[in-house]
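Trainee: Below, each chain spelled out in residue letters.
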Amino acid sequence: MTAKSIYEHLFPLTTVMRHRFADNWSGEFRHFRWTTRNTQGSWNTGMSGGVGVGWRHLQVTALINDRSGQDFANIRTYAHDNSVVLVVFRRVTADTGVAGGLSDSTDHFEGATANYAAASDDTTRSFKDVRTKDGTTGSITDSNVALGTVDTSYKLQLITADTKLTINGTLKVTKTNNLPTSVMQPAWRVISTTAATGSDGNIKYIEVYNT
Amino acid sequence: MTFDSVHEILNPLTDIRKMKFWDFLSGDALDNWWAISESTGSGGMDNVIDGGYQQTTGAVLFNAQSKDFGNLGDHYSATASQILAVAKCFETTLMEHWFACLAGDGAAYTHKAYMGADTGPSANFLLKTTNAGGTTNTASSIAIDTNFHVFEAKFKSSSVTGHIANILEGTSTTDLPSDVLQVVIRAATLTGATRKSAWRYLEVYNT
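Protein sequence lines correspond, in order, to chains A and B.
Heads up, the final residue of the first sequence is numbered 211 in this note's numbering, and it's a clean run with no missing numbers.
Heads up, the final residue of the second sequence is numbered 1207 in this note's numbering, and it's a clean run with no missing numbers.
Be a bit skeptical, because a hint or two may be false.
No more than 30 Å apart at the CA atoms, straight line, and that leaves these computed lysine-lysine pairs for DSSO-like [to be verified]:
#1 Lys175/A x Lys164/A
#2 Lys1156/B x Lys155/A
#3 Lys1020/B x Lys155/A
#4 Lys4/A x Lys1018/B
#5 Lys204/A x Lys1156/B
#6 Lys1018/B x Lys1156/B
#7 Lys1156/B x Lys1020/B
Label pairs and their computed distance ranges (CB to CB) [unchecked claim]:
#8 Asp1015/B x Thr113/A: 47 to 57 Å
#9 Gly1070/B x Gly27/A: 11 to 21 Å
#10 Val1048/B x Ser42/A: 28 to 38 Å
#11 Gly27/A x Pro1012/B: 34 to 44 Å
Because the hints were derived from the structure by calculation, they are not lab data.
Every value quoted in this text rests on a predicted model; they were computed, and no experiment measured them.
Where a beta carbon is used, it is the ideal one built from N, C-alpha and C, also for glycine.
So that you can see chain A by itself, here it is in the shape it has in the complex (with noise of 0.2 Å):
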């Protein structure tokens, strides 16, 4: 017999579910759930037009690490040792880094003592990669996917003991350094690796929950 609820469908009845959200990035506008944040340089931001875009952030200034992102204000729900954060997006441009994960910080994966830990495709890098900071240092480790400018699936596993990148559904890395150390909020970001204007990224899913 088929469960009518989502609920069944995640969990028996007799568990109590941990915080949990999901986004489709699709119609009008998106979630009130979320705060636009540009924080360095002018972008323009909104859903957009065209077969599966979803939400975009696009770069009008041209500045180097101008960065624009959304995150929930602070409302940080999510534990930094036990949850999951699975996202799609794309980066559309060259010069331009996009990422995607949990951050403690407005700033997102920039901040000088933020906690986060992303997904990441930016080409200042020669593959996809997983970056974390744990609040006072920050690293990068790369996986062995080649950059791209397609829809990717990224899926962040955060334990106590190690932060794992699945990309694709391939697990690519299994990174144990400078992991967060406190609770943190989704966050999703696209960054100007050079002076040009235009740095462009798009997302189309984001589901993140406490295991």
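Got chain A sorted already, so can you dock chain B onto it with the hints?
Mentor: Just chain B now, kept in the frame of chain A:
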């Protein structure tokens, strides 16, 4: 087993899907399908791990915080629907919290049923059914505590049943609601001090 659509996870394609809603209550604010109904006190996302949406009453007797679908989202049947809530109390005395609740339009939600807490009639979680003729309270076997629980209210043609963690905890066959119903989440104080409750998940559908 995988599916091509959310629809097919929940229904065979031979079924015409009925009205359904779910909300993970995560983020920095509620979406605009929620309307503020009563606003003494405060409401917002609870900024702790697994927090959910919290409502805190004012510190005056009968102060209440509630949200509903603005009397426009009364899409749910009083005789063929069910609602599930993962919710909690923060205190165990002198409060009334509607956790898994469907209610009709109108200032006092005259027609409603919920699984939740009302320390007036019972120190245990309870099932309450209300219509213009009166109210029936059916106490569960579980004492009110401050843990999250899975509450359900199932609306049928001649009864409403209340469940906690998939255990039938009460059946009411009197004072059943007969209006079309919307989702309501409500916290009220029954004393001159604040009372707080939180919801981590809500799901409702017609059966």
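Trainee: Taking each numbered hint in turn, which are not upheld by the structure, reported in ascending numerical order?
Mentor: 2, 5, 11
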